[in-house]
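Participant: Sequence:
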Amino acid sequence: MKRLFGTKKEAAPAPTLQDATSSLGNRGDVLDEKIRKLDQQLREHRNTIKKTRGPAQEAAKRRAMNVLKQKRMYEGQREQLYQQQFNLENAAFTTQAIQDSVVQVQAMQAAGTELKKAFKAKELDINAIEKLQDEMSDLMDISNEINETLGQSYGVPDEIDESELMGELDALEDELANEATESEVPSYLQEPDMGLPDAPQATPAQDEYGLPMKA
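Everything in the sequence shown is counted per UniProt numbering, starting at 1 for the first residue and increasing by one.
Keep in mind the hints are simulated off the structure, nothing from the lab. The reader is advised that the hints may include incorrect statements.
Claimed, not checked - Calculated cross-link-like contacts (lysine-lysine; reagent style DSS-like; alpha-carbon spacing at most 30 Å):
#: 1; residue 1: K131; residue 2: K120
#: 2; residue 1: K61; residue 2: K71
#: 3; residue 1: K34; residue 2: K69
#: 4; residue 1: K51; residue 2: K34
Kindly produce the complete structure, drawing on both the sequences and the hints.
Facilitator: What follows is the structure in structure tokens.
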């Protein structure tokens, strides 16, 4: 039966904005190449016009005018392609922005659902949390009391009066003085001072008149 009546052809997928933009870009490249070649012809005609006179020059001008008209036509087409390509790119940007917004909204909705589930958990009950905080505070107070009890000193007076302080300082000063005295060398171990006289100074020889004599 399929051979007799044939099968329905599958519809071709609709072109995307990216495909359309790429196609316009290729057409624009073709027009740019044509315009480049026409510019080369115009330069050649200009040189011919400068070198010739009379009918030959007029013929070169007519040919240059036709080339210029063709160039203007291609430039107009290229400008239209530029505008079409810009519109497609703008549409593609808007479409992508909308798709991104949809994804963001979906992500926010999913996050909201997860938060609602989390807040329903008994661990996040506000009353249970406040009760836990109170229990922790009580436990910390008990722990501090235990540490204070274990850290008490035995046999040490709580307060010391000023007279006791000064007596302790005087005793320390006496101990330092005794240590300094003990560190000195006894007199019977010290070397005696021999008290040697100073060396005599040489006096210059004098003559019979009391004047110094030359050596």
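Participant: Now tell me, hint by hint, if it's right for this structure.
Facilitator: Consistency of the hints with the structure:
1. For the given pair, K131 sits about 18 Å from K120 by alpha-carbon distance, which is consistent with the 30 Å threshold.
2. At most 30 Å may separate the alpha-carbon atoms for a hinted pair to count; K61 and K71 meet this at roughly 15 Å.
3. A distance of roughly 13 Å separates the Cα atoms of K34 and K69; the hinted pair therefore holds under the 30 Å criterion.
4. Under the criterion of a C-alpha separation no larger than 30 Å, the hint pairing K51 with K34 is consistent with the structure, at around 26 Å.
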